[in-house]
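Produce the entire structure from the sequences given, and follow the hints as far as they go.
Line by line, the protein sequences are chains Z and C. For reference, each letter of the first sequence is one residue, going 38 to 238 in the working numbering. For reference, each letter of the second sequence is one residue, going 1439 to 1500 in the working numbering.
Simulated from the structure, these hints should not be mistaken for lab results. Where hints are given, some of them may not hold.
What the hints assert, rightly or not - Some, not all, of what chain C presents toward chain Z, calculated at C-beta under 8 Å:
(1) C1448
(2) D1460
(3) F1484
(4) R1486
(5) Q1487
(6) A1494
(7) R1497
(8) A1499
We treat Cβ as the ideally placed atom computed from N, Cα and C, and that holds for glycine.
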Amino acid sequence: MNASVHPAEAGLNRPTADALGALRPALLKIARRQLRNETWAEDVVSETLIAALESASSFAGQSQLKTWAVGILKHKIIDHFRRCGREIEADARMEAADVEDFDELFHPNGHFVNRPLPTWGDPEATLAQTQFLEILQICIDKLPANQGRIFMMREWLELETADICKELNISSTNAFVMLYRARMKLRECLEMNWFASARSS
Amino acid sequence: MGISFMRLTCKQAHRLIAERMDRDLQMMDDVRVRLHLLRCPCCDEFVRQMNLMRNAMRRVAR
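And the structure:
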């Protein structure tokens, strides 16, 4: 620590090992959702906590401690994909080959069975509800492993599709198919478990 | 010659709307989707649902 910094200023916001350790369960939950593998999740969370402790003095205290730690976790997860992406590529290719057309949504002529599509109403009102965000995460957990993984890479890690393809060594066609399916299933899960009941109550 | 080659079914439109979240569509597909959305409130709602899911993801786990 730099001696010229006022001690109160330097020490005030520096997170303790205890404070970081307390975040472990929350970080593990996030890592599991992204990686879908217990060992990998444990590994990246340990790496995250070590890195957080090592760089504790760089924690500015402006953001929440959890937000800061999740930022480190994201980097560790991307590193993990860089190292181990190939382990999941074959799996991903098989999942993309499964036939799944969401035909129940459409008539054989390609148009909707349900017209109009039930509305989801005001997006801001929905987003303000923490319970909705919890349902969303449960729905992600229910996706097939690779669809959940790739959806999280795209929407939570906010990676470009080209980068995802590189990390997982899959074709862009496979990536688009898996993302399409993930989005369709999530939409369906949210419709059934949130919007439909909100409408009827 | 009609403009039927520009027409999309809802199923085709859905696929392109979802893929538009992940890649730039080719110009013709982009125009097809826009034309479809002008006259299909269902697919228009689907666009809003896709956007809501993206915005929700910006708020979880941070």
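* Give me the numbers of the hints this structure contradicts, sorted from smallest to largest. => As far as the earlier hints go, not one is violated by this structure.
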